Amino acid sequence: METLEEIKNMAIENFSSTGVNILKALLVLLIGWILIKLMLRILKKSLKFIKVDKLSNKINAIEIIEGKKLNVDVEQLLLTVLKWVALLVLLVIVSEMMEINMLSEGIAGLIGFLPKVLSGTAVFVIGLFIANAVKKGIQSFFKTLELSGSKIISQLVFFVILILVSVTALNQAGINTDLITSNLNLIFGAVLAAFAIAIGLGARNVVADLLRTFYVRRLYELGQTIKVKGLEGDIEAIDDISLTLKTKTGKTIIPIKEIVDNQVEIQG
-8 METLEEIKNM AIENFSSTGV NILKALLVLL IGWILIKLML RILKKSLKFI
42 KVDKLSNKIN AIEIIEGKKL NVDVEQLLLT VLKWVALLVL LVIVSEMMEI
92 NMLSEGIAGL IGFLPKVLSG TAVFVIGLFI ANAVKKGIQS FFKTLELSGS
142 KIISQLVFFV ILILVSVTAL NQAGINTDLI TSNLNLIFGA VLAAFAIAIG
192 LGARNVVADL LRTFYVRRLY ELGQTIKVKG LEGDIEAIDD ISLTLKTKTG
242 KTIIPIKEIV DNQVEIQG
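Counting along the sequence shown from 1, when you hit position 156 you're at 147 in our numbering, and nothing is skipped either side.
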């Protein structure tokens, strides 16, 4: 009888202890939830004060492909991430109170992984800005020289930089990218080999055309009157491969090569 009485008392004591722990955990959850709500409200006002929306506008102004832009709300993203981090910390506290060690250790490991994810995200965003700056620089350079193909080349360079940055960001986040890196090396190697072969086969003509265009643009001006191969007129436009001559009978398009290889009389 004494043994049964002891078991009964022990069960009542354990039940009471568990009940108290549950009540404490619920109280901590309630207080924690209120504090999280308050923290998010303060943080939201702080983000508006420092005008974090400007960063969103800069990111969303970047064109991944022509006509397709990003749609990122940095403020909402930060609030969501911090909300879940705070909730996970709260769950760790409650799990330890309830002595659920496996759950608390698992969540703690997840929280420890978050800084790596955030640093990887920061690397990606910075790389995105760099890739966009390089793309705009290439387009500006081609526009200055009045060369065609700026969109294709700048977009190709943009994607190459973006891929490299993405791999770097994954590495920063602690994700093994050996397989991705090896495949990218093969792809980039094949692309570079094809590019080198193309240059070897066609660079002579391309360079010659570029030099001819550069020569004609330096020597002649828009509105200037010239006479070439019996045609006389005013220079209306000088493109990458041709010159447009406005004559009395209309417009005549003359290949740049013809301008360079033939005698040209400057009338005025």
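No lab work stands behind these hints, which were simulated from the structure alone. It is possible that part of the hints are untrue.
As the list claims (entries may be wrong) - Straight-line distance between alpha carbons at most 35 Å, and here's what the computed DSBU-like set of lysine-lysine pairs gives: (1) 74 / 45; (2) 74 / 59; (3) 39 / 59; (4) 49 / 107.
Keep in mind that this is a model prediction, so the values were computed, not measured.
Going down the list of hints, with the structure as the test:
no., hint, result
1, 74 / 45, "22 Å, holds"
2, 74 / 59, "30 Å, holds"
3, 39 / 59, "27 Å, holds"
4, 49 / 107, "24 Å, holds"
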